[in-house]
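Enquirer: Sequence:
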Amino acid sequence: MKKIPKSISLKISPVVLYIEDLEEIEEIYKDNFEDYKITVKSKELENDFEFGSVKELTENFNKKNIYKLHDLSFESYNPYINIYFRNIEVKIYSSNNDVKSIGITSKLKNATDKKPFSYKFLTNKILLFISLFFILLLDRLINEIYPLIIIALLFLFLLWGFWLYNIFENNYSTIRLKRRSEQKGFLTENKNNIMLFFISALFYIFREVIASKLI
Numbered sequence: 004m005k006k007i008p009k010s011i012s013l014k015i016s017p018v019v020l021y022i023e024d025l026e027e028i029e030e031i032y033k034d035n036f037e038d039y040k041i042t043v044k045s046k047e048l049e050n051d052f053e054f055g056s057v058k059e060l061t062e063n064f065n066k067k068n069i070y071k072l073h074d075l076s077f078e079s080y081n082p083y084i085n086i087y088f089r090n091i092e093v094k095i096y097s098s099n100n101d102v103k104s105i106g107i108t109s110k111l112k113n114a115t116d117k118k119p120f121s122y123k124f125l126t127n128k129i130l131l132f133i134s135l136f137f138i139l140l141l142d143r144l145i146n147e148i149y150p151l152i153i154i155a156l157l158f159l160f161l162l163w164g165f166w167l168y169n170i171f172e173n174n175y176s177t178i179r180l181k182r183r184s185e186q187k188g189f190l191t192e193n194k195n196n197i198m199l200f201f202i203s204a205l206f207y208i209f210r211e212v213i214a215s216k217l218i
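So the mapping is simple: the working numbering equals the position in the sequence shown, first residue as 1, plus 3.
Accuracy of the hints is not assured; some may be wrong.
To be verified - Computed list of lysine to any residue pairs in SDA-like fashion (alpha-carbon distance at most 20 Å, straight line):
no. : residue 1 : residue 2
1   : K33       : S79
2   : K103      : D74
3   : K46       : S76
4   : K181      : S12
5   : K94       : F160
6   : K94       : E185
7   : K46       : K33
8   : K110      : S76
9   : K112      : K46
10  : K103      : E30
11  : K94       : L13
12  : K110      : E27
13  : K94       : K66
14  : K66       : S56
Hints in this document: simulated from the structure, not taken from any laboratory.
Work the whole structure out from these sequences, hints included.
Expert: What follows is the structure in structure tokens.
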């Protein structure tokens, strides 16, 4: 009688990774396997590539002025364990479910899914709509007494909504071939759009205040 091993399959929502994250994943493979490979599909170059290290991958694409990927995988054998970053999800697969394989897949999950609780909290769509209802309710109750509170809350809500829109509009795994410290923050990258939202919010509040005075 021969025991048939069961596999492990984990799925994670899309993530954003940087070079140091890839190096952490690579270190897990180095510690547990004699050999592994990194496979990349590049839309810009219209081809698939295989690398033996994160350093080789980064240097190769940086020379071609490519700093962002959406399709990448680490793969090893004996046991077979694969972590695959795709557009819509991240999948970790192991052909065995022994203690070693469970430990490796757990480490890969921890190295990949680093979204803090605050991120998961702020990406809750239901919370966004509840907040809008709360602001509209406050608008009726205290706008005449504390209009600046409504202005501040509305601006924060618009900023939050714009950030959330970007998250869901670009809801696919992204591997940035640069260090996290080199990446511009959300506010810096979107300062023009944020300014437009801020001006729109002020215009809306100004219009509402004028309308209330005329009534």
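Enquirer: Which of the stated hints cannot be reconciled with the structure, identified by number in ascending sequence?
Expert: Hint check: 2, 4, 5, 6, 7, 9 and 13 fail, others pass.
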